[in-house]
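Student: In case you want the letters, here they are:
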Amino acid sequence: MATKLPTEVTGRVWKIIAAPGTAVAEGDTVVIIESMKMEIPVTAPHAGTVKSISVEEGDMVEEGQSVGTIE
Amino acid sequence: MTWQPEVDEINRRRALAEACGGPAAIEKQHAAGKLTVRERIDKLLDPKTFREVGKLAGRATYKDGELAAFEPAPYVMGIGKIDGRPVAVGGEDYTIRAGTGFGSDRRKGGQGGFIEDLAFEYRIPLVNLIDGTGGTVNTVKRKGYTVVPGFGMDGFERSVQLLGIVPVVSAVMGTVAGGPAGRALLAHWTVMVRGTSQIFAAGPPVVERAFGTKLNKEELGGAKVSADTAGTIDNVAADEEDCLRQIRRFLSFMPQNAWELAPNARSGDAVDRCEDALLSIIPRNDRQAYDMRKLIGMIVDQGSGFEIQATFGRAVIATLARMDGYPVGIIANNPMYGGIIDVKAARKQAHFTELCDAFNIPIIFLVDVPGLLVGPESEAAAIMRFGLQSRYLLGQITVPVFTVLVRKCYGVAGGNVIDRAGLNFKIAWPSAHWGSLPVEGGVKAAYRREIESAPDPKAREAELEAELRALSSPFRTAEAFAVEDIIDPRETRPYLCQFIEAFQGRLKTQLGPKLRAGVRP
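Line by line, the protein sequences give chains C and A. Just so you know, we're using my numbering here: the first sequence kicks off at 1 and counts up by one. Just so you know, we're using my numbering here: the second sequence kicks off at 1001 and counts up by one.
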C-alpha cells in the first residue's frame, strides 16, 4: 500500500529531489519545502519507491498536506 | 463475642462499591473505549498497592432498618505506589451518574476533596483521573438555593496550593467541562486520550445557544484543538493504557515533593559515549534543517526522553530526559520549523522552564534560534510579551541552566536561552554563530546610508557582509572569553554529565517551595 508523504510545515515547494520511480531509503529526502527561509525536507518514512509526486516546484503547501506517495 | 457480623457488613458494602454503576453501565463505558475508574487505578499503580479510602461512602436506602440498596459515591480514591513510591490517586466513576457530585458531608476528591488534602498533608504526588461532568443544575434542587462559584470546598484553593508543594498530574479521560476542566488545568502536567476525551469551558449545546454554531464535542474540545492547537492540555495518549503509562513515566522524573530531589536512575549508558554522527549532524548550509530529536537522543541517556507538549508549539522541543541518571529538562529549537519562536513556542518554553525550576530539574538549552517570529500576525498575538516571559523566568529561577549553542543564536530569542541570573555558562559547537541580528539583513539596516551612497551598492553590501562574517567566527568570541568554551560536538554528553553531577550538591541547598516576586510580562 502506498504511504502518504505529508509536509510538517506550511511553505513553498522548493525542489523535488526524488521523482516518481526513484528508489529511496528510510530518511531520504523526497521533496524540499521552503519555509521561513529554511529548507525543510519531506523524508521517506520507510524504504521504497516513489510512486507519485502531487506537487510542482513553486506550489504552496499546507502543514499536513501530502506531497506524494511511496510504495 | 466478636464483631464478625459488622465485619461481614463492611465486606458486603465493599463488594457493592466494587460493582461501580452495575454491569450495564460498565459495559457502556467499555464500549466507549474507556476503562472504569477502578480498572484505571489498578493499571496505573504498582500491582496490589492500592489502599482505598472512603469505599463505604455512597447513597444507601434502608428498609425496616436493613440496607436495601446502595449506590457508591461516584469518586474512587486512595493511596498506592508508582515505581515503589507513594502517590495519592483519585478519579470520578463515570458509570455512576456520569461522575457527578453526590452531596456527601466531605468531598472525596476533585477540588477541595479529601485526596487533595491527603497529598498536601503527606507531601506526595497527586494523580487526578478526570472523567466527570461536574456540577448539575439538579444540585440547586437538592440544596434549595444557588451558590456563588467557588463556594465552600469548591474554590480550588487547595488545588492551587498543591502546585508549589507536590507534583500534580491530571489525566482527562472523558468529556469534561466547567469545574472538572478547571481542576484538570491546575496541574504540573496534563494528558488526554485522543478520540475519547474532550475538554472545554462549556460543551456543544452551550456553544450552539451562544453562537448558533453546531459542533460535536470532538470538534470543540478534542485533542486536535485542546492539545495540538491550543496547548490547553500538554500531552496526548493513543489510548487509556498509553495514558496511564505516560503518567508513570512523567512521575519517574519528579521528586515526591518540593523538598526532595528526583531519584537518579542510571541506565548503564556510559557517560563517555561520544557519538560520531554529532560531528556531521549540523549541515554547513544554514538554510538546511536537520533532526534535532536525533541530536538530543545522541546526547541524553539512551531512551530516556519524555517529551512535553510534543504536538504544540513545535518550533521548540521540550523534553524531560536523564544525563548519567540525573533528570534534566531539555529545551531545543526545532529547525524543521525554522527554530523561530512564535507565541506557542514561547509559551511552551516558559511553562517548561517553570516546571523544571519548581522541582529542581536542571535545564539544558540546545540552541538554534534565528529569533522571534516577526510579522503582523505575530505582533497581533503579542509575541514580545510572550517572548519576554522566558527572559523574566530566567532571571528568577534557581536551577542551573547549561547552554549549548549548536547553530544560530540571534536577537531577543537568543538571549532567552542563557542563565543570566546564574553562572551565565554557555558552550558552543564550531557550527555556532550569534549576534543581535543575523549578518544578512542586519547589514542593510545598519549601513543603509553607506550602501546607498556607494557607486555599486550591491557590491558594497556584499563587501560589508563578508567583513562582518569574518568577525563572527566563534573562535574570536572564545578568545575574548565571551563564550566559555567551544567543544567537539561529540564531547557534549561527557561534558554536560560532569557539570550536572557537580551541581547536585547545590541543588540540595535550595530545596522547598520556590517563592517568586514580581509580575510576569
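None of these hints come from the bench; they were simulated from the model. Model, not experiment: these values are computed from the prediction. Every residue, glycine too, gets a C-beta built ideally from N, C-alpha and C. Take the hints with a grain of salt, since some may be wrong.
[To be verified] A few chain C residues that face chain A, going by a derived Cβ cut-off under 8 Å, partial list only:
| no. | residue |
| --- | --- |
| 1 | M1 |
| 2 | S35 |
| 3 | E39 |
| 4 | I40 |
[Unchecked claim] Under the rule of at most 27 Å between Cα atoms (straight-line distance), these lysine-lysine pairs were calculated in the DSSO-like manner:
| no. | chain 1 | residue 1 | chain 2 | residue 2 |
| --- | --- | --- | --- | --- |
| 5 | A | K1444 | C | K37 |
| 6 | C | K4 | C | K51 |
| 7 | A | K1028 | C | K37 |
| 8 | C | K4 | A | K1294 |
| 9 | A | K1224 | C | K4 |
| 10 | A | K1043 | C | K15 |
| 11 | C | K37 | A | K1458 |
Student: With reference to the structure, classify each hint as holding or not holding.
Tutor: Hints and how they fare:
| no. | hint | verdict |
| --- | --- | --- |
| 1 | M1 | 21 Å, violated |
| 2 | S35 | 6 Å, holds |
| 3 | E39 | 5 Å, holds |
| 4 | I40 | 5 Å, holds |
| 5 | A:K1444 x C:K37 | 17 Å, holds |
| 6 | C:K4 x C:K51 | 10 Å, holds |
| 7 | A:K1028 x C:K37 | 52 Å, violated |
| 8 | C:K4 x A:K1294 | 22 Å, holds |
| 9 | A:K1224 x C:K4 | 20 Å, holds |
| 10 | A:K1043 x C:K15 | 49 Å, violated |
| 11 | C:K37 x A:K1458 | 21 Å, holds |
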